[in-house]
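Residue numbers (the numbering used here), protein chains in the order written: chain A, 1 to 401; chain B, 1 to 401; chain C, 1 to 401; chain D, 1 to 401.
To be clear, the hints were calculated from the coordinates, so they are not data collected in a lab. Please note: incorrect hints may appear among the correct ones.
[Stated by the list, open to error] Okay, derived cross-link-like pairs now, DSS-like style, lysine-lysine, Cα gap no bigger than 30 Å in a straight line:
1) K378/A to K239/D
2) K52/B to K344/B
3) K45/D to K239/D
4) K344/B to K45/A
5) K239/C to K378/D
6) K52/B to K235/A
7) K239/D to K107/C
[What the hints assert, rightly or not] With the C-beta cut set under 7 Å, the calculated list includes, among others, these residues of chain D facing chain B:
8) D22
9) N29
10) R30
All C-beta atoms, glycine included, are put in the ideal place defined by N, C-alpha and C.
4 protein chains.
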Amino acid sequence: MDYFNAPGRHHLFVPGPVNIPDQIIRAMNRNNEDYRSPAIPAMTKILLEDVKKIFKTTAGTPFLIPTTGTGAWESALTNTLSPGDRIVSFLIGQFSLLWIDQQQRLKFNVDVVESEWGQGAKLDVLESKIASDSAHTIKAICIVHNETATGVTNNLAKVRQILDSYRHPALLIVDGVSSICALDFRMDEWGVDVAITGSQKALSLPTGIGIVVASPKAIEASKTAKSLRVFFDWKDYLKFYQLGTYWPYTPSIQLLYGLRAALDLIFEEGLENVIARHHRLGTATRLAVEAWGLKNCTQKEEWYSDTVTAVLVPSYIDSSEVVRRAWKRYNLSLGLGLNKVAGKVFRIGHLGNLNELQLLGCLAGVEMILKDVGYPVKLGSGVAAASAYLNNTIPMIASRI
Amino acid sequence: MDYFNAPGRHHLFVPGPVNIPDQIIRAMNRNNEDYRSPAIPAMTKILLEDVKKIFKTTAGTPFLIPTTGTGAWESALTNTLSPGDRIVSFLIGQFSLLWIDQQQRLKFNVDVVESEWGQGAKLDVLESKIASDSAHTIKAICIVHNETATGVTNNLAKVRQILDSYRHPALLIVDGVSSICALDFRMDEWGVDVAITGSQKALSLPTGIGIVVASPKAIEASKTAKSLRVFFDWKDYLKFYQLGTYWPYTPSIQLLYGLRAALDLIFEEGLENVIARHHRLGTATRLAVEAWGLKNCTQKEEWYSDTVTAVLVPSYIDSSEVVRRAWKRYNLSLGLGLNKVAGKVFRIGHLGNLNELQLLGCLAGVEMILKDVGYPVKLGSGVAAASAYLNNTIPMIASRI
Amino acid sequence: MDYFNAPGRHHLFVPGPVNIPDQIIRAMNRNNEDYRSPAIPAMTKILLEDVKKIFKTTAGTPFLIPTTGTGAWESALTNTLSPGDRIVSFLIGQFSLLWIDQQQRLKFNVDVVESEWGQGAKLDVLESKIASDSAHTIKAICIVHNETATGVTNNLAKVRQILDSYRHPALLIVDGVSSICALDFRMDEWGVDVAITGSQKALSLPTGIGIVVASPKAIEASKTAKSLRVFFDWKDYLKFYQLGTYWPYTPSIQLLYGLRAALDLIFEEGLENVIARHHRLGTATRLAVEAWGLKNCTQKEEWYSDTVTAVLVPSYIDSSEVVRRAWKRYNLSLGLGLNKVAGKVFRIGHLGNLNELQLLGCLAGVEMILKDVGYPVKLGSGVAAASAYLNNTIPMIASRI
Amino acid sequence: MDYFNAPGRHHLFVPGPVNIPDQIIRAMNRNNEDYRSPAIPAMTKILLEDVKKIFKTTAGTPFLIPTTGTGAWESALTNTLSPGDRIVSFLIGQFSLLWIDQQQRLKFNVDVVESEWGQGAKLDVLESKIASDSAHTIKAICIVHNETATGVTNNLAKVRQILDSYRHPALLIVDGVSSICALDFRMDEWGVDVAITGSQKALSLPTGIGIVVASPKAIEASKTAKSLRVFFDWKDYLKFYQLGTYWPYTPSIQLLYGLRAALDLIFEEGLENVIARHHRLGTATRLAVEAWGLKNCTQKEEWYSDTVTAVLVPSYIDSSEVVRRAWKRYNLSLGLGLNKVAGKVFRIGHLGNLNELQLLGCLAGVEMILKDVGYPVKLGSGVAAASAYLNNTIPMIASRI
């Protein structure tokens, strides 16, 4: 059943789905169970509490929805908004584009603020819109924390600050799909009203759980929001939370045990250490790109992403060929350039349960591929630059000291 | 991470999620992969063709949606209907009730035809409605093939016959969640327009894929249906089918390999043999119930379900206690009675990758539990009745002759 | 890679290798590790301490040898004895026969005490030999605790009593392969000098670890024993125990983690509860055999084995056909009759991580097979007899109360 | 149960046990089975045929013994030789030393030919011994094909040539533990009489199968060899081969399925391609060592090993600290220097199911460790040298072209 075998371990460096650690694969290696037995609700209760920790919220209500990030988006929107509601949404890359497409198809009145791909959300434009909206016609701000297509991280604290300085009541709805559990994310402190992520990203699970966390204000909004929803309706979850049985419909037993293992690994490492590790991996990658003489698609340091790096290739190279060759010769999966940056960038995902030597193996591979496609890279240069930094920053492994 | 260990194998006899065979557990025991590499589309292409075989359709278009049965319901409805559309829907148990609730919340005009729980859909009422609807105001008939709460199987061929005899163009939308791959189901022959199932039922996978298959007529209807939908929109799938990349958003890699293994097992056994095995298991269970002197919740033989049996307990017994005791003393999971039949029935699920000796172990357990809760069962009686039948009907194992 | 697929769970009722619980399968689902890293010695140290608990010894020294039971036998003998040494050995079935064959090939002077197959060791003969051996020419008594071929359990306490009453210094070497962790076994109390078991028996692991535990007296004997041995030499282990690195050659990493999981399950259930469970399963099986009107190969109650039951079939039936049919029609593995009882008995193994409903499924299967081969069994009779007993004796599951 | 967790994939670069590919881990993720059912002999029959292919023999008889390499050694010796027999054995490192220790403890008359560690077997000495042994007192030549402690590969073709040129009938017994399936090995062509390997080496399985293949001449010798053996006796295997049941005692079911998967992977890649891949990995490693300015423990190119490289560190560095630091900071396992080269060398194992980017990750790690311990390495230098070579030699992945 494996049609494309190649010797050795596959090197998975797309920005999702990411590598699943063995501990999680083991935890999921199991038969189904009755989700109405006492075991699953008991487990779910603790999972819901623990999930809140990785969102840094105590006030939020989490929903573990059997869906993908796209479904989590829909759950966030339809539970809090009504058709026709004005929302401000930032278009900065392919995933924000797809979310805006969803917002429009769900009949919201989307006020799109577009940036050049490679730049962050135009928060100055947001500020002027908020400033001029004393009537509070804007019902929500929708923003991706980390745009996976371009490797751009937006400044959420700044968004909160803008809303607060104008005492604007708009909901703050955040796509944290490629950020939560990897980048610094503070739901309560930043006043995020709905935050979402997907199991197959920094949690390092298979695809299948869309995690949505709602602030009390979002829960309140859900009581009057008129968007039609059934599968994605929080109301059904809240009813079963009350009953103590937790699940309005069948969850994946395997993913629940997997989530338990994922959270245990994160708590054992320490969430701040996880974030610091992603910063190391992101920095090391950027140093390699620089050493290769290539440009980061992300135009300014303030937007650098620690979970994915989009690398611009010279115009005489087709970045898709880099990705193809990675898979065909080096057993390496890299991310394609999408839409506006198709053919122009390839992407290195460096999120999830990943360590430095894995990344260095990938970077060594990218060097050889660049050579293959005609770019005059100095072999070893990126690894050298990354290693020089990592050699100074990698901590001892806590469990082994 | 296993808080409720008990010696030996757990006996899982709820009507879903069901036992996953080892071959599938093995196939799913794997890391994530890039779903944009050539491997996943190549695999998906064949999976889609093979899925059609278990629905007995050549004309249908399958969608493997990362969701549960509830989401599959929603996909079936919102892609083919518009708010306000009149639909006829049969209320015969808890799952048809939940589907009707969804239909109403999605703003369809639901013409509910209710039966006593334990009876099948009132097809005579359907006939009179169809007969009198020369204006074709009825846009769809929604029917569960097998009501999991009461163990009632409806006659879909008869529904088709009624529609045909009046040349009525209503769409026929079928919930096959606890039937497809276990009961005789013929999408093309019976003119089913949308049929759905879930991975955790007769396919014997974990929860996570809602399988929806649409007839050409349903695909046509989807072009004009006005229900809002994004995550569940077939259009996005069809676009990616055209592109040959197949996935509008991230699928579960593990479930794809699992589905491959599940289909391989079904094809190796032979779909007709799978159905015959379910008939054996259903019959054996009913013979045991009869031997115990208990009644089947299903009131007539024509509605007997080969995938689940709801057993009525005497009024002096609380069926929930049967289920509790099964779990606490015998390491056995049985299905609770739901809603109107709560406390009155317990359910034995006998679907999926299951064999006769497993069932007999379960039946032996049920006998002891009945004794525990004060019902004067003759121990061994149900097993004897079931065995007498099975001893005459179990075939030799094809691979071992 | 599964050439003999059959629907549902395989029913494994041979007396070894036995069913592996999911918790152990999960624990073993892993990559290799460096056995010279600090992790493996740290784990081994605790494993060795914990293994002693299941032998009920504090004074013994355990060896976890990468071998089978046959190798463990050889290790027990060659480390404690010299060629030409006189040993008393009991021939009561196929496995004691094989051990005696090994003893002879290793050039010991084997004083064989033979019983009819189905009877226990002739301890009266032992007593007379011991009584007359004031010169202490007998260097060791070799006895199987539980003869797996006939389902006979010997009385070890009695052996110790005989040796003690004559103050005879012979070593007491015990094959506990199908007893330890399932039957009452007390190494220190009974003065056992070498006790062995195999991972694939009551520990419910794959084959691959031969566990040998040596008393201080046995360790002392090993210093002068002249039998040649290298792979099986305890000396190499003891040297590496001293060094704290524990392994003279590469262990199976997977089996170490599996053993950890196996011991955890046993300690969680409680060793005495494990033994009581085996007694329930053994008793239930014997009651079923009796209800079928068949005879137990074990001739007296004092020898009844709680881990395996050898069932005598009438002379007009070939017991091999029972076993063949179990596999070919019912997806059930039973044990063949071996050597002198080939064709005359089939064996039901009921040891390891197994519960009552699993056993009842097996018994229901055996009833149908008996019918198939022409024995006039009353279907349900054995299950009824077993259930009547089990219904009174199965405890609530401790973790679920 | 994982006491030493660290983020990301562990980098396992000891020369055994080696990385197990996911396909094998999956194949082994299973319950026990009855090894006396028809399934296991059917599988075994094919396995035995296929195992011969990786030894490049058609005349040989393979034995899959539940043991380690040490046990395989013992099986090779005791089945073919008698105590007192004169054998010539080459001491060139720790593993040949251990084998010689075994030979002596088994009471053979061992004529040890010692080389400096880092050099190959002294074949000129062999030649003179053979030349002067017209009486044929030498019964066997024992030689390790690849000494794992020093990374030295001996020239077996030359050994055969010496024996042939003097028409000397000594048996040629070869330890192929760290060579077979990775280095060029030709049992029939080189007239090897007994060849052994272990499952945890180039086959990339867990420890647990010692594979011994005997030539017809070795089988003939086993009929008169007087060394005592029972567990390791080929006679018992041959008897069961005749019976068609294959196993004198319980095999590991999991390892059999694992071996099946391992052979499938090797045959799919092509044995010659596997060997070529090992040559690439070995060459790349040596180029890195050279670029770091360090010396290979192997003193001449003719002895370079493609499965393990022992790297000499400057005298002011303790190579054990390199290994400790690899594990504690970089989640990397390297091999220690053993015995005479303890503290002086660390070893990089590059055998088994391994690819180039994995190796480059390891090499990048070694560079940082060298820096940590005070060696003035230029970061990136080894990776650059290795990449320059690999970039020219890595083939396209056959299944993906």
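Exercise. Taking the closest Cβ pair, is D22/D under 7 Å from chain B?
Worked result: holds, 6 Å
Problem set entry | Satisfaction of hint between K239/D and K45/D, Cα-Cα up to 30 Å | Roughly 14 Å separates the two Cα atoms, so the pair holds.
Exercise. Minimum Cβ distance from N29/D to chain B below 7 Å?
Worked result: holds, 5 Å
Problem set entry | Pairwise hint evaluation, K107/C against K239/D, where the allowed Cα distance is 30 Å at most | Holds, because 21 Å separates the two Cα atoms, which is no more than 30 Å.
Exercise. When you check the alpha-carbon spacing of K344/B and K45/A, does it fall within 30 Å?
Worked result: Since the Cα atoms of K344/B and K45/A sit roughly 29 Å apart, the hinted pair holds (cutoff 30 Å).
For this session: For the hint on R30/D, just tell me whether its beta-carbon gets within less than 7 Å of chain B.
Result: holds, 6 Å
Exercise. Does the structure keep K52/B and K344/B at a Cα separation of 30 Å or less?
Worked result: Distance of about 38 Å is beyond 30 Å: violated.
For this session: Verify the proposed pairing of K378/A with K239/D, using a straight-line Cα cut of 30 Å.
Result: violated, 62 Å
Problem set entry | Restraint status (C-alpha distance of K52/B to K235/A at most 30 Å) | violated, 35 Å
Exercise. Can the restraint linking K239/C and K378/D be considered satisfied, given a maximum Cα separation of 30 Å?
Worked result: Measuring from Cα to Cα gives roughly 42 Å; hence the hint is violated.
Checked against the numbered hints given earlier, this structure breaks hints 1, 2, 5 and 6; the rest are met.
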